[in-house]
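Listed below, chain by chain, are the residues.
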Amino acid sequence: MSVSTEQVRHIAKLARIAMSDEEIERLAPELNNILGWVEQLGEVNTNGVEPLTAVIDLKLRLRDDAVTDGDCRDAVLANAPEAQHGFFAVPKVIE
Amino acid sequence: MSELTAKTIAELRDGFRSGDFTAREVAEEFNAAVAAAKALNAFTVGTPDDALAAADAADKARGNGDLASLAGIPLGIKDLFATRGVDTTSGSRILKGFKPPYESTVTANLRKAGAGMLGKLNMDEFAMGSSNETSAYGPVISPWKRNDGSNVSLTPGGSSGGSAAAVAAGIAPGVTGTDTGGSIRQPAAFTGICGIKPTYGRCSRWGIVAFASSLDQAGPMAKTVRDCAILLEAMAGFDPKDSTSLDLPVPQWEANLSSDLQGKRVGIPKEYRIDGVPVEINALWDRGIEWLKDAGATPVEISLPHTKYALPTYYIIAPAEASSNLARYDGVRYGLREEGVKSLDDMYAATRAAGFGAEVKRRIMIGTYVLSAGFYDAYFTKAQKVRALIKQDFREAFERCDLILTPTAPSAAFGIGETTDPLAMYLNDVFAVPASLAGLPAMSVPGGLDGQGLPLGLHIIGNELDEQGVLNAGLAIEERAGFIARAEKWW
Numbered sequence: 001m002s003v004s005t006e007q008v009r010h011i012a013k014l015a016r017i018a019m020s021d022e023e024i025e026r027l028a029p030e031l032n033n034i035l036g037w038v039e040q041l042g043e044v045n046t047n048g049v050e051p052l053t054a055v056i057d058l059k060l061r062l063r064d065d066a067v068t069d070g071d072c073r074d075a076v077l078a079n080a081p082e083a084q085h086g087f088f089a090v091p092k093v094i095e
Numbered sequence: 096m097s098e099l100t101a102k103t104i105a106e107l108r109d110g111f112r113s114g115d116f117t118a119r120e121v122a123e124e125f126n127a128a129v130a131a132a133k134a135l136n137a138f139t140v141g142t143p144d145d146a147l148a149a150a151d152a153a154d155k156a157r158g159n160g161d162l163a164s165l166a167g168i169p170l171g172i173k174d175l176f177a178t179r180g181v182d183t184t185s186g187s188r189i190l191k192g193f194k195p196p197y198e199s200t201v202t203a204n205l206r207k208a209g210a211g212m213l214g215k216l217n218m219d220e221f222a223m224g225s226s227n228e229t230s231a232y233g234p235v236i237s238p239w240k241r242n243d244g245s246n247v248s249l250t251p252g253g254s255s256g257g258s259a260a261a262v263a264a265g266i267a268p269g270v271t272g273t274d275t276g277g278s279i280r281q282p283a284a285f286t287g288i289c290g291i292k293p294t295y296g297r298c299s300r301w302g303i304v305a306f307a308s309s310l311d312q313a314g315p316m317a318k319t320v321r322d323c324a325i326l327l328e329a330m331a332g333f334d335p336k337d338s339t340s341l342d343l344p345v346p347q348w349e350a351n352l353s354s355d356l357q358g359k360r361v362g363i364p365k366e367y368r369i370d371g372v373p374v375e376i377n378a379l380w381d382r383g384i385e386w387l388k389d390a391g392a393t394p395v396e397i398s399l400p401h402t403k404y405a406l407p408t409y410y411i412i413a414p415a416e417a418s419s420n421l422a423r424y425d426g427v428r429y430g431l432r433e434e435g436v437k438s439l440d441d442m443y444a445a446t447r448a449a450g451f452g453a454e455v456k457r458r459i460m461i462g463t464y465v466l467s468a469g470f471y472d473a474y475f476t477k478a479q480k481v482r483a484l485i486k487q488d489f490r491e492a493f494e495r496c497d498l499i500l501t502p503t504a505p506s507a508a509f510g511i512g513e514t515t516d517p518l519a520m521y522l523n524d525v526f527a528v529p530a531s532l533a534g535l536p537a538m539s540v541p542g543g544l545d546g547q548g549l550p551l552g553l554h555i556i557g558n559e560l561d562e563q564g565v566l567n568a569g570l571a572i573e574e575r576a577g578f579i580a581r582a583e584k585w586w
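Keeping their order, the protein sequence lines are chains W and D. Residue numbers for the first sequence follow our numbering, so the first one is 1 and each next one is one higher. Residue numbers for the second sequence follow our numbering, so the first one is 96 and each next one is one higher.
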């Protein structure tokens, strides 16, 4: 499989990264190079193999449904590029 | 190096305890060494006051006879550990100015143990790189030079490049690193120091800027195996805030150090003899086998048949997890925001375009592609299945052996700017990545110098939870390799 510049443009959109046409032209062969290389996994017979999701066998713990932190609005907002009235502020979404 | 900055952590700890010098003297010496080593670009920010405050607390505690394990020891902290009120940027422009309102569990554990912080250490952006060249702060320069008089600037490796350079240059006695696919071990090998990645889950990931969550593990880097044991004991431990943290007591790795390997079987994986690796690296590997035999171990040939698929597997899984983890950098809650765009969507895209470097973008793009509709099974699920087979290879190997010995990296340190092809760069981690995919403890220990006068490392992989076995084999190599070479000071 190889990706076209159109597909690269689509992936960039999905990834929310603005890219110029030049960047997309440059990236397409790079991505194809890497994808062509990882496709050697096709040689491996994985019939009946369960995908590995947890590398060390452990049971996910449950904790009590209790409030353990919070009440730190100002600390949470302290790093925001823009905060107004105790909220994160973003460019206008609704006209 | 002054007398104090040349000492190991164990020596600093013991000397401070017996009153040979004060913690303040130690902190002042290292602060001065950090300030004088700007040419290495190892630190992104210095925190000399932090180191001094911890030192004063240690000096006071010594008077009261009440000392924590790392009292009097100042450390360098990789820039992806959240440190309260101190810039934490993961080497990226997109986190510019981010001052966490909280402390990572690992650094909180180190502080609880009495350690002070010298500063934050430069690294590849979001830990994506093997040469520290992807950092938004520019590359770290290795303190090492080739012995051909060429004066070429060399990479300290990556992603924990600032960490490695700081220890090798004697401007920090020990540091934290993180290892996703070799990021502690390869730079340790390049700079002639020790570094261990523990079993996945030993160190809490809470407060560590995430790259690939199923692989990321913190670990220490220091001059000696003993120092790594001391630091790892302080860093590790169960943390309810990390869902993959191991709920196990922290072993006494330092107290149980022993280089007697009687009865241990050391596996030598035949698949690690790969083409294109310099003769000197395979020769060092053979010497390593002899050293472990001398320590009482028996070498056995083993097979890890899926080794050649480890790197391609890693370069699906790690970018996939990264593309998901890095979705949070959207210009809303912290870090950079690009202004002057009309819509929210444009703000996201413009911010991420301006904030991420080329390698990070490349990996997000790969990750987004392999997770996208229609390709998920062919790439991501396939890679997870091959990862299961790689894990199975190790499981079977550890029925025949107790430890595995390999080279750490397929080359010595290379020059900055010398490796421009992404795939060629990825090959640096060919020996390190399999243990990452299997979540196993693994360590690099310096074994000798190559013909250019540059350090080469030996790599020990242990079974799950057997950090002790790894450290003990590391100690056996350290005692026999007699590696005392240090980079000559030019900075």
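Because the hints were derived from the structure by calculation, they are not lab data. Treat the numbers as computed from the prediction; the structure is a model and nothing was measured. Cβ coordinates follow ideal geometry from the N, Cα and C atoms, glycine included. Possibly wrong hints are sitting among the right ones.
Here chain W is said to cover these stretches of chain D; the calculated rule only asks that three of the stretch's residues, wherever they fall, bring their Cβ under 8 Å from a Cβ of chain W [unchecked claim]:
1. 214-226
2. 355-365
3. 424-430
Simulated crosslink set (DSSO-like; lysine-lysine; CA at most 27 Å straight-line) [said to hold, decoys possible]:
4. D:K486 <-> D:K403
5. D:K133 <-> D:K584
6. D:K336 <-> D:K191
7. D:K336 <-> W:K59
8. D:K336 <-> D:K207
9. W:K13 <-> D:K437
10. D:K191 <-> D:K584
11. D:K155 <-> W:K92
12. D:K365 <-> D:K194
13. D:K155 <-> D:K359
14. D:K191 <-> D:K155
15. W:K13 <-> D:K336
16. D:K437 <-> W:K92
17. D:K133 <-> W:K59
18. D:K365 <-> D:K403
19. D:K240 <-> D:K336
20. W:K13 <-> W:K92
21. D:K133 <-> D:K191
Status of each hint after checking the structure:
1. Counting residues of the region 214-226 of chain D whose beta carbon lies closer than 8 Å to any beta carbon of chain W gives 0, which falls short of the minimum of three for the stated coverage.
2. Taking a C-beta to C-beta cut-off of 8 Å, the region 355-365 of chain D contributes 0 residues in contact with chain W, too few for the three needed, and the coverage statement is violated.
3. Coverage of the region 424-430 of chain D by chain W holds. Counting CB-CB distances below 8 Å, 6 residues qualify, and the rule asks for three or more.
4. Distance hint between K486 (chain D) and K403 (chain D) is fulfilled; the C-alpha atoms sit about 13 Å from each other, no more than 27 Å.
5. About 13 Å separates the Cα atoms of K133 (chain D) and K584 (chain D), which keeps this hinted pair within 27 Å; it holds.
6. For the proposed pair K336 (chain D) and K191 (chain D), the alpha carbon gap of about 26 Å is at most 27 Å, so the pair holds.
7. Taking the CA atoms of K336 (chain D) and K59 (chain W), the gap is near 15 Å; set against the 27 Å cutoff, the hint holds.
8. Using a Cα cut-off of 27 Å, the hinted pair K336 (chain D) and K207 (chain D) holds, with the two alpha carbons roughly 17 Å apart.
9. Restraint check: the Cα-Cα separation between K13 (chain W) and K437 (chain D) comes to about 17 Å, which is no more than 27 Å; the hinted pair holds.
10. A threshold of 27 Å between alpha carbons decides the hint, and for K191 (chain D) with K584 (chain D) the separation of about 31 Å lies outside it, so the pair is violated.
11. Our distance criterion of 27 Å between C-alpha atoms is broken by K155 (chain D) and K92 (chain W), whose separation comes to about 55 Å.
12. A hinted pair counts as satisfied when its Cα atoms are at most 27 Å apart, and K365 (chain D) with K194 (chain D) does not qualify at roughly 47 Å.
13. Restraint check for K155 (chain D) and K359 (chain D): not satisfied, since their Cα atoms lie roughly 45 Å apart, outside the 27 Å limit.
14. For the suggested pair K191 (chain D) and K155 (chain D), the alpha carbons sit about 36 Å apart, so the restraint of at most 27 Å is broken.
15. Under the criterion of a C-alpha separation no larger than 27 Å, the hint pairing K13 (chain W) with K336 (chain D) is inconsistent with the structure, at around 33 Å.
16. Of the pairs offered as hints, the one joining K437 (chain D) and K92 (chain W) holds, with about 8 Å between alpha carbons and a cut-off of 27 Å not exceeded.
17. In summary, the hint linking K133 (chain D) to K59 (chain W) is not supported, as the alpha carbons are separated by about 46 Å, beyond the 27 Å threshold.
18. For the hint pairing K365 (chain D) with K403 (chain D), the CA-to-CA distance comes to about 12 Å; that is within 27 Å, so the pair holds.
19. Pair hint K240 (chain D) plus K336 (chain D) does not hold up; C-alpha atoms about 43 Å apart against a cutoff of 27 Å.
20. Pair hint K13 (chain W) plus K92 (chain W) holds up; C-alpha atoms about 20 Å apart against a cutoff of 27 Å.
21. Taking the CA atoms of K133 (chain D) and K191 (chain D), the gap is near 20 Å; set against the 27 Å cutoff, the hint holds.
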